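Student: What follows is the residue order along each chain.
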Amino acid sequence: MMSRQVLPVGFAVAAMGLAFGVLVTRSGLPWWWATIFAAVIFAGSLEFLLLGLVTAVAPLGQVAAAAFLVNFRHVFYAMSFPLHRVPGVAAKAYSTFALTDEAYALTARPEAQSWSRARILGLQAFVHVFWAGSVTVGALGGTLIPPEVKGLDFAVTALFLVLGIDAFRDRRDVPAVVVALACALVGHAVFGEQMLVAAMAMFTLFLLARYALRRA
Amino acid sequence: MPDAAYLTSVVAVAAAVTWTLRALPFAMLAPLRASKVVPYLAASMPVGVMAILVVHTLRDVPHHGAPVGIAIAATVALHLWRRDVVLSIAGGTAIHVVLASLVFTG
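Those protein sequences? They're chains A and B, same order as listed.
Start counting the first sequence at 1; every next residue gets the next number (my numbering).
Start counting the second sequence at 1; every next residue gets the next number (my numbering).
So here's chain A without its partners, still in its complex pose (with noise of 0.2 angstroms):
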């Protein structure tokens, strides 16, 4: 069952959750919440900023909108993802919990419309495995990392400016790039602590006024 697409999906998810773990112990969380994060939550980019906002003891409500702007990319999977091929509701809820980046990114292929339930569980699963499991392994790993080792969270910097160039090699948008940047540092100066929400606010009216422009 195990293609070889899926494995290096899989040693790619492992070595960002090692990340991950190592990280949440580094905040001074005990290990065990790396766990429950990946487990529950299970959406990587968000993961690691969520790190950020909860050492802050950021409002619920600027988690939720943080959750719906980093994640909303998600809402575009259900066009091609094969969940007519996967029967039952308590399999529909499962496979749409675990719709993340690499489930889509493994079923974007045409076959991929044939595929059989246990199939598409079982890739989900094992990517689901992965992340938690690898997760779990750096959470306990981080303890014995020595105090002296500083500037390990540069690690999400890095996570989400190589999304970043990923993203722009997709679709070569200066002008987002331009704009979301004046929209951080706008929000940064206005609201300081709280800039995330504004920027992001400020940015998706961008993208939506432009959008009518072009339509007009």
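These are computed hints drawn from the structure, not numbers from a lab.
All figures in this text were calculated on a predicted structure; none of them were measured in a lab.
Even glycine gets a Cβ: it sits at the ideal position worked out from N, Cα and C.
Watch out, some of these pointers could steer you wrong.
[Unchecked claim] Each computed SDA-like pair below joins lysine to any residue, with the alpha-carbon atoms no more than 25 angstroms apart:
{"hint": "1", "chain 1": "B", "residue 1": "LYS36", "chain 2": "A", "residue 2": "SER80"}
{"hint": "2", "chain 1": "A", "residue 1": "LYS92", "chain 2": "B", "residue 2": "VAL38"}
{"hint": "3", "chain 1": "A", "residue 1": "LYS92", "chain 2": "A", "residue 2": "SER45"}
{"hint": "4", "chain 1": "B", "residue 1": "LYS36", "chain 2": "A", "residue 2": "TYR104"}
{"hint": "5", "chain 1": "B", "residue 1": "LYS36", "chain 2": "A", "residue 2": "ARG169"}
[To be verified] Pulled from the structure, derived: some chain A residues nowhere near chain B, Cβ distances all over 12 angstroms:
{"hint": "6", "residue": "GLN5"}
{"hint": "7", "residue": "GLU111"}
{"hint": "8", "residue": "ALA112"}
{"hint": "9", "residue": "SER114"}
{"hint": "10", "residue": "ALA118"}
{"hint": "11", "residue": "GLY122"}
{"hint": "12", "residue": "GLY141"}
{"hint": "13", "residue": "LEU144"}
[What the hints assert, rightly or not] Short derived list, chain B residues pointing at chain A, Cβ under 10 angstroms:
{"hint": "14", "residue": "ALA15"}
{"hint": "15", "residue": "LEU21"}
{"hint": "16", "residue": "ALA27"}
{"hint": "17", "residue": "LEU41"}
{"hint": "18", "residue": "VAL49"}
{"hint": "19", "residue": "VAL76"}
For this one, chain A is given, so just place chain B on it according to the hints.
Tutor: Structure of chain B alone, referenced to chain A:
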């Protein structure tokens, strides 16, 4: 430090919002396919959202500018060169750890 009740609420809110975004579109596939603005937003948002998140992660760093600046340049260069997400993050973070722990210790 956040307490267990707060952390539990954060996990519940984040999981509920994420699952809703993943599950709800299947219930409204027809209007979603007809809509033009939703696919436009889904495709245009990521690059800007990631740019904002990069700035957000750097909001506390001004007095340690050099390690972060060098590590960002190294991460971008690695990623443009090899296009390997894990390698770029591991390489950039390793450079930042060395600079922050051993070089710019003040």
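Student: If a hint holds in the structure, say so; if it doesn't, say that too.
Tutor: Results of checking the hints against the structure:
1. LYS36(B) x SER80(A): Roughly 16 angstroms between the alpha carbons, so the hint for LYS36(B) and SER80(A) holds.
2. LYS92(A) x VAL38(B): holds (23 angstroms)
3. LYS92(A) x SER45(A): holds (23 angstroms)
4. LYS36(B) x TYR104(A): Holds - the C-alpha atoms of TYR104(A) and LYS36(B) are around 21 angstroms apart, at most 25 angstroms.
5. LYS36(B) x ARG169(A): With Cα atoms ~22 angstroms apart, LYS36(B) and ARG169(A) stay inside 25 angstroms; holds.
6. GLN5: Nearest chain B Cβ is 16 angstroms from GLN5(A), so the label holds.
7. GLU111: Holds: least Cβ distance 21 angstroms, greater than 12 angstroms.
8. ALA112: holds (16 angstroms)
9. SER114: holds (19 angstroms)
10. ALA118: holds (20 angstroms)
11. GLY122: holds (18 angstroms)
12. GLY141: Holds, because the least Cβ-Cβ distance between GLY141(A) and chain B comes to about 15 angstroms, which exceeds 12 angstroms.
13. LEU144: holds (15 angstroms)
14. ALA15: holds (5 angstroms)
15. LEU21: holds (5 angstroms)
16. ALA27: holds (9 angstroms)
17. LEU41: holds (6 angstroms)
18. VAL49: This interface hint holds because 6 angstroms falls under the 10 angstroms limit.
19. VAL76: holds (7 angstroms)
In summary, the structure agrees with every hint in the numbered list given earlier.
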